[in-house]
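K.L.:
Chain by chain, the residues:
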Amino acid sequence: METSLQELYTKYGKLVYNLSLQYVQNKEDAEEITQDVFVAIHQSIDNFKEQSKISTWIYRITINKSLDFIRSKNRKRRFAVLTSLFFSDGNEAHKETSHFNHPGVLMEQKEKLQHIYDLINKLPPNQKTALILSKLEYKSQQEIAEIMNLSPKAVESLVQRAKTGLEKKLKLSEGKQ
Amino acid sequence: MSQNNSNDFLDPLHAVEKVEAPAFLFSKIEQKIRYVRENTVSKKVAVVWVTSVSMIVLLNLFILTQSSWIPTEKNNLLQSLQLQNSNSLYP
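Taken in order, these protein sequences are the chains called B and W. With this note's numbering as the guide, the letters of the first sequence map in order to residues 265 to 441. With this note's numbering as the guide, the letters of the second sequence map in order to residues 327 to 417.
Take the hints with a grain of salt, since some may be wrong.
Calculated cross-link-like contacts (lysine-lysine; reagent style DSSO-like; alpha-carbon spacing at most 30 Å) [what the hints assert, rightly or not]:
(1) B/Lys278 - B/Lys376
(2) W/Lys344 - B/Lys435
(3) B/Lys340 - W/Lys354
(4) B/Lys317 - W/Lys358
(5) W/Lys358 - B/Lys340
(6) B/Lys374 - W/Lys344
(7) W/Lys358 - W/Lys369
Stretches of chain W that chain B covers, calculated by requiring three or more beta carbons in the stretch to come under 8 Å of a beta carbon on chain B [as the list claims (entries may be wrong)]:
(8) 334–341
(9) 344–358
Derived, one-sided and incomplete: chain B residues facing chain W with beta-carbon distance under 8 Å [said to hold, decoys possible]:
(10) Asn282
(11) Glu295
(12) Pro367
(13) Pro389
(14) Lys399
(15) Leu400
(16) Leu434
(17) Ser437
Bear in mind the hints are in silico, worked out from the structure with no lab data behind them. Because the structure is a prediction, the values reported are computed rather than measured. Even for Gly, the Cβ is constructed at its ideal location relative to N, Cα and C.
This is chain B alone, in the form it adopts within the complex (with noise of 0.2 Å):
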């Protein structure tokens, strides 16, 4: 069981690093939500049914812990902010907050990538997965419709209303600035 684990992770690990990274930019939440989701693959590889191609379920698993870990943040950072309301320590509400450090972002182009990765962030959570899907793992239509258990139309609309949102969000904050 361990080697195959192994054999697993030598395969798809970086697969399963990169994709993390797409969601958080952050090194150390990406190293977590890899370490979860091979948790999850040695926990359920005896289940897995071969209906679809092993590398489909890990995308979906990897996809699901990513936007599970951006989620419990979330409502880490939220309880955060209520607790700093009623107790002096407001610091704490800073704490959980990750900061941009994707390895894969060259320095020269650090501040235009986060603004960018800042924007995609704050879709909704199918529309960021199929534009990441799509314009960062180049995946096709066809793959993200599996991955995604949608019909290639589907994906179709959820990525050109994320391109059409963030082109919106993106307008607006030039504007502003």
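For chain B, the structure is supplied; the task is to place chain W on it using the hints.
P.N.:
Just chain W now, with coordinates in the frame of chain B:
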């Protein structure tokens, strides 16, 4: 036109490079699996616990519902000893 503009503003994303996962990550995963294994209760143990607790609760409920004879016995005892079971001194 709009499509082209959309692609233009997303073009910087092509510069994002794929990186290698840290070398120590697999040993961390193994550690986490060991931790999860040691700190989670197996399904069998959980079923045994739930069954035994519900048995105890049911047994308690059964005893409580069956204990309605106790006051009757007490009344019998009072009657046999000709004792008053009320505070009224003048029957």
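K.L.:
Each hint needs a verdict: does it hold in this structure or not?
P.N.:
Against the structure, the hints:
{"no.": "1", "hint": "B/Lys278 - B/Lys376", "verdict": "holds (25 Å)"}
{"no.": "2", "hint": "W/Lys344 - B/Lys435", "verdict": "holds (28 Å)"}
{"no.": "3", "hint": "B/Lys340 - W/Lys354", "verdict": "holds (24 Å)"}
{"no.": "4", "hint": "B/Lys317 - W/Lys358", "verdict": "holds (26 Å)"}
{"no.": "5", "hint": "W/Lys358 - B/Lys340", "verdict": "holds (22 Å)"}
{"no.": "6", "hint": "B/Lys374 - W/Lys344", "verdict": "holds (15 Å)"}
{"no.": "7", "hint": "W/Lys358 - W/Lys369", "verdict": "holds (20 Å)"}
{"no.": "8", "hint": "334–341", "verdict": "holds (count 5)"}
{"no.": "9", "hint": "344–358", "verdict": "holds (count 11)"}
{"no.": "10", "hint": "Asn282", "verdict": "holds (5 Å)"}
{"no.": "11", "hint": "Glu295", "verdict": "holds (6 Å)"}
{"no.": "12", "hint": "Pro367", "verdict": "holds (5 Å)"}
{"no.": "13", "hint": "Pro389", "verdict": "violated (18 Å)"}
{"no.": "14", "hint": "Lys399", "verdict": "holds (5 Å)"}
{"no.": "15", "hint": "Leu400", "verdict": "holds (6 Å)"}
{"no.": "16", "hint": "Leu434", "verdict": "holds (6 Å)"}
{"no.": "17", "hint": "Ser437", "verdict": "violated (11 Å)"}
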